[in-house]
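Colleague: Residue numbers (the numbering used here), protein chains in the order written: chain A, 1 to 501; chain B, 1001 to 1095.
Certain hints may be false.
[Claimed, not checked] Here are some chain A residues pointing at chain B (derived, C-beta under 8 Å):
1) 73
2) 101
3) 107
4) 109
5) 110
6) 113
7) 123
8) 138
9) 140
10) 148
11) 149
[Stated by the list, open to error] Residues of chain A clear of chain B, computed beta-carbon distances all greater than 12 Å:
12) 51
13) 96
14) 164
15) 209
16) 243
17) 245
18) 258
19) 262
20) 280
21) 310
22) 378
23) 381
24) 438
Treat the hints as calculated values from the structure; they're not laboratory data.
Glycine is no exception: its CB is placed at the ideal position from the N, C-alpha and C atoms.
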Amino acid sequence: MEDVSPAGDQEMPMRIQTSEHCRDGLPEDGPIVLSPSLHERLLATVRQRHPQKSYGYLLSDGDPRTPTDFILFEDNIRNTSAWKPRFESYGRYFVEHDDAGFVATPEESWRLQKEIWARGMVEVGVFHSHLRHPANFSQIDYELHSERFDALWHLIISMRSPERPQLRIFAVSHGRVRELEVRAPGAPQHGRSTSNQPPLDAAACNLAIRRARLLLALDRAGHPRCRESAAILQAMDELLATEHDEAIDELLVRGFLRDSGRRYQEYVAPHMAPLNGGRFQMGTSRAHARHFCGETPRHVVELSPYHLAQTPVTNELYGLFDPSRRDVPACARRKPVVSVTWFDATLFALWMGCRLPTEAEWEFACGGGAESEWCCSDESLLSRYAWYSENSAGETHPVATRDPNALGLFDLHGNVWEWCQDIYDQDYYARSPIRDPVNPGASLTQEGATHGDRVCRGGSRQLFAEMCRTRYRFHEPADFWAADLGFRLARSGDMVEMKGD
Amino acid sequence: MVRVRLPSYLFRLLPEDERRSSARSVALTSGSWLELVQEMRERFPQFAERVLTESGNLATGFVLAVNDEVLPSGYTSMELHSGDEVAIIAAMAGG
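Excised from the complex, chain A in its bound form (with noise of 0.2 Å):
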């Protein structure tokens, strides 16, 4: 069957959201749970064995959603003559990097299993870390997965910024791929929006201005004095929430926006492509899927013109706004910025009069509407594209240092990942509007609000072809940086300039 969703117009601008559509036609799940103690002993496990891999069992005494304890593996025979080369014909990221990928040795397999038994539990899921990459389930992930253990769940715990590991879990059914909530301490929440707060009374409205004052509050030079951009965020959203017109205009159009307008004609306009928009199919059909999460159903989407930056921002670019990140050697000048928050790219974004584009953007920049996987028609071109694990030696490289697509951007595909303005929720497709979709999420100054994971696409310099793909989602917390996750800039067609008194 064809799932590409019908068109829509004026009349019915959202997706009809079916149990199919939204479930991928998997069965409905739960959250994991992870107790506080088991994810304190779980992670201090995997840091304190990091850079050594770490795989082993997640067990219960009986809700296989809540488990209790977990079973860790210590031998591995990945580099037996059995088994590296089927690692290392899944491409040369395994075959640089023995330590990537984990068989367990018939006889500790053995020892362990009877030891679960004795202690009268059950297996509930898997688990093992990823010393590099984020915690996406690949293809090798999968395939080895599937054969073995489609009951069981499995928990992927990215080590790739060691000092803040993310876990997801993932669950295979009917050869679909599902990711699961994970419920532990700190983890976020996935998903929808929430409703709209309600108004301010005045002595919040005063309270919201102050704050403003102090946040927001620029240099001589016009760097904010605050350096945390999640708190300058949250301040202009409470501040936007007064409603209050003189403030608003003080405080944010002719205070810290003030030369916004003129730093982006010096210093953006210049390397801004122009794109129509139009209409084009986002997403992948369930028929193509694979063990690719939250990328159906194909759906029509039409965008309204928009301006997208031809290469990722630049550590050249980012020490405009930040000028501790000026003082990096001549060569990484040109390199893309990273370790940047959502909040830091948001921040910087509107600070040089631009925003961050939308995941449908990003997409339709990327792919330019066509079917193919990547902007080339396929995997073989690729290199001639991107750096990713195949090329790129484990190092970001320069902006613009492989040939650009079809539109004249350059580095979508790898070198890094890249932040995109929409809160990330696998099922948004299913529901998202036809015309300009984002997933904007909740607001900074709800009460209880957790931002969400935000959407990254593109894959990253280590990152194998698959992931670095045109309809590739991934996802990390607001607050959340790592040595390959940058970001570039958009612009609306009608964004207002902000120019200086």
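Chain A is fixed; fit chain B onto it per the hints.
Modeller: Okay, now just chain B, sitting in the frame of chain A:
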């Protein structure tokens, strides 16, 4: 009577009426590994499809232990006797 014990993720592949044992084990009458293979194919087709190759070996990624001894190979000609305990489990692997 040979007892075959399985971990949870393989035991669930057995037909519902075979899953009565709280110890997640089943009793079979086979006198050799090849007879056991045949009996498992007849009684537990979903399990057999996952775990056994056409020639009667365990598929890559699975481990056989008989009477607490891991048998990596050579088991296809193995005789089984009443009271023997057979276990089939997975050897975990990933990327």
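Colleague: Run every hint past the structure and note whether it holds.
Modeller: Status of the hints after comparison with the structure:
{"no.": "1", "hint": "73", "verdict": "7 Å, holds"}
{"no.": "2", "hint": "101", "verdict": "5 Å, holds"}
{"no.": "3", "hint": "107", "verdict": "6 Å, holds"}
{"no.": "4", "hint": "109", "verdict": "5 Å, holds"}
{"no.": "5", "hint": "110", "verdict": "5 Å, holds"}
{"no.": "6", "hint": "113", "verdict": "5 Å, holds"}
{"no.": "7", "hint": "123", "verdict": "6 Å, holds"}
{"no.": "8", "hint": "138", "verdict": "5 Å, holds"}
{"no.": "9", "hint": "140", "verdict": "4 Å, holds"}
{"no.": "10", "hint": "148", "verdict": "4 Å, holds"}
{"no.": "11", "hint": "149", "verdict": "5 Å, holds"}
{"no.": "12", "hint": "51", "verdict": "16 Å, holds"}
{"no.": "13", "hint": "96", "verdict": "14 Å, holds"}
{"no.": "14", "hint": "164", "verdict": "21 Å, holds"}
{"no.": "15", "hint": "209", "verdict": "52 Å, holds"}
{"no.": "16", "hint": "243", "verdict": "51 Å, holds"}
{"no.": "17", "hint": "245", "verdict": "55 Å, holds"}
{"no.": "18", "hint": "258", "verdict": "50 Å, holds"}
{"no.": "19", "hint": "262", "verdict": "49 Å, holds"}
{"no.": "20", "hint": "280", "verdict": "32 Å, holds"}
{"no.": "21", "hint": "310", "verdict": "34 Å, holds"}
{"no.": "22", "hint": "378", "verdict": "23 Å, holds"}
{"no.": "23", "hint": "381", "verdict": "25 Å, holds"}
{"no.": "24", "hint": "438", "verdict": "33 Å, holds"}
In this structure, every one of the numbered hints holds.
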